[in-house]
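> Chain U is already provided as a structure; the job is to place chain X on it using the hints.
There are 2 protein chains.
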Amino acid sequence: MLFLEYIESKKNEHLEELKEFLRIPSVSTKSENKADIERAAKWVAEKLRAAGMENVEIVPTGGHPMVFGEWLKAPDKPTVLLYGHYDVQPAEPLELWTSPAFEPAVRNGNLFGRGTADDKGQVHIHMKAIEALMKSEGKLPVNIKVMIEGEEETGSTNLWNFVEKFRDRLKADALIVSDTSMLAPGVPSVTYGLRGLNYYQIEITGGAQDMHSGVFGGAVPNPLTILCELFAKLHDKNGRVAIPGFYDKVAKVSKAERKALNGLPWKLKDFKKTVGAAGLCGEKGFTVVEQIWIRPTMELNGIWGGYIGEGAKTVIPAKAYAKFSTRLVPDQAPEKIAKLVEKHIRKLLPKTVSCKFEVLSMGKPWVAPYTHPFFEAAHSALEKGFGKRAVFIREGGSIPFVTQMYDTFKVPCILLGFGLPDENAHAPDEHILLENYFGGIKAVAQFYKELASV
Amino acid sequence: MLFLEYIESKKNEHLEELKEFLRIPSVSTKSENKADIERAAKWVAEKLRAAGMENVEIVPTGGHPMVFGEWLKAPDKPTVLLYGHYDVQPAEPLELWTSPAFEPAVRNGNLFGRGTADDKGQVHIHMKAIEALMKSEGKLPVNIKVMIEGEEETGSTNLWNFVEKFRDRLKADALIVSDTSMLAPGVPSVTYGLRGLNYYQIEITGGAQDMHSGVFGGAVPNPLTILCELFAKLHDKNGRVAIPGFYDKVAKVSKAERKALNGLPWKLKDFKKTVGAAGLCGEKGFTVVEQIWIRPTMELNGIWGGYIGEGAKTVIPAKAYAKFSTRLVPDQAPEKIAKLVEKHIRKLLPKTVSCKFEVLSMGKPWVAPYTHPFFEAAHSALEKGFGKRAVFIREGGSIPFVTQMYDTFKVPCILLGFGLPDENAHAPDEHILLENYFGGIKAVAQFYKELASV
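Which chain is which? The protein sequence lines are U and X, in order. Just so you know, the numbering used here puts 80 at position 80 of the first sequence, and the rest follows in order with no gaps. Just so you know, the numbering used here puts 235 at position 235 of the second sequence, and the rest follows in order with no gaps.
Excised from the complex, chain U in its bound form:
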């Protein structure tokens, strides 16, 4: 196949171009990176045009812009809508990176840098697959629409407005997303389930100002202690989330599915090694695979308050803060869960403090039957692209957009992940296995070819 030869011959150029993309610190959560976000959007638009996509535009939103493009010259062939994101997580803590987060570097067959796995590397796989087909065949085997957003890491705040506005232009027979992981090295995977995500922030206020812990300590509410006492009450001794009603709508997963998931070539030993903790802990009565894929959670993502600098300061602060999130599974409703969480937290807090409760984002869980022929095509393309047996998996992460698209357009959503679970997405030393990056380009090009004959 010409396109496979083309991909093989361009490996160095592809890698260098990806590095260029990775050097742009497009951190969506920080206002100081606004110019970088815009630079990244322009970069994506240019490269899409160069790959042969048409009508490429940078669409302003209420927040960071969306990059859209299309190629619609394959009449009677399916149309797919490709989704990805060009924004990345913050790189902090910077001191824990072996090489700087925004200076990509290859070590031991991996490319290191913020965004390598999540999601710039995977977006680039699609760009290069499209380019390979166009350059080697002069056209694409199917119709392709591309939307690459800049707010995925901040909860895709303006994405839905964009979809509503572009609704007709986005119509497709399938949604393709590459923003997830393969089960393990050498196990190409199609993901058919994701957890939902609600992200919260609270601010607890005790006194009217910071106070000297000697002069006042022992008689006044300490918001730090009260924050700790609050979060200590949000899990029970079996590792379950101790919020009344939290599990009420959790759909039972069939024995057959639990068996299939637990039978995947997933190794607890490898997971433990990746985590690197002295032990694991989680909800009793479920395997680790079940805990991270099919069970809801509540996790603290950040806490702060009082003096956190060098040395000692004997202060009782006025305020304490926490960022935390709940991962949701079918059929938990994000709005309902947010209300339960706020209600219970307000109930638990003592009257000596006040509390500001914010929901920063909400997103539904998603799970799909993988019986549609498009899923078969994806599975087959992965096996051909990688030369390995492919599997169907679920994931613990969240892409709220997938659920929304599924609910709105009622088309199959096919998640082809080329990352790996231990590639430190959201952590220092994020990386992607180059074998998966190059294999991904082949598999995706192959997938578009196979879709043409479905």
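These are calculated hints, taken from the structure and not from any lab test. Only true hints are included.
Since the list can't tell identical chains apart, any single copy or any two copies may satisfy a pair.
Here are the simulated DMTMM-like cross-link-like pairs (lysine to aspartate or glutamate), alpha carbons at most 20 Å apart as the crow flies:
(1) K347 - E229
(2) K30 - E310
(3) K284 - E229
(4) K267 - E290
(5) K34 - E310
(6) K351 - D236
(7) K356 - E310
(8) K351 - E283
(9) K30 - E103
(10) K171 - E54
(11) K249 - D236
A quick note: this is a predicted structure, and the numbers were derived from the prediction, not measured.
Chain X only, in chain U's frame:
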């Protein structure tokens, strides 16, 4: 009295000179302020010389330097050793200051700025009292030794080495310290008891690196949650510190003393107003005055971990941190308490995490009978200097040095405080009531006069 007229005539000059002192950001806990610390030490030495003190020197220590000076030309008169500190607490959070922390400003009869009350303002009171006596009488009524240190806010790490080295030169009949507060405006006070202070820091480590809360959440130890669960267990429901043995050595305070302390002109209403919280909380079975003066405590002073920036980051961090302290009362031994705290914390933590436990500083509590004639002289001088009834009080804060000096030299330690409890020592908008600053200069000069006739 000539010296009183001198003090009255120099008010403006005194205030301007104090402002100069306050403009030096001598934050001892931050390495970036090392040069400012040295500048502050020089400033103190110069002003002591100008006031008439002799043999003034800046003595290097393992950390920040000590300023020492003496005037020993009053044979047959008592010798007092004056202690204070020229270092200050960090000014953060900067955004909560009405006027900048290191740009002193007068508002409503108060002087605002970091160090106004704790302790530059009070050190300056003594400098100006000495100057007034020297300038108006050509000599001092008693022998005076002065030591002003630069590490009080970081636990006086090198103070004791200095004392050991200078032991003979420090010998005196009494130790005078002005680093505490008056009970209330218009109530000049002699403090006869302080709580001790142990300051700790812990670092809890779960995974080998930060992890994506979607990919790993639900199965791995979250050090933030574990930190919260730990601190939730360190107080019982009666507000008592839940560390076995913590109260074992707490000396019983006599009924008479409790009655005297509770009968002071101290107003719960004013305390509540200063705190500004929706309610108070503390150890059951004790009044607020008892909770803050005669009962030991454990307070969190800072917590941090995970993502604490703008927006959302779905991370389970590898590490969580806390700074916390125990205030101690007679006869709790700091070393013993530190061991009990560490032992219990290690016992409470689950095996899924590791913990680094550090004791940043330790200091004994102190309480003295106030029957010595020097205490009488102080009481009388305060009444004359302020024209108000003076009282004997205890304080919740800590000056470990006082205990050490008391234990070593076996001389009365007389604590003359000119701050007020609501003057935000250690907090934004720290200030000193100018009436107390000016009254303090008169009272201290008067005190040295009265000591001469004891």
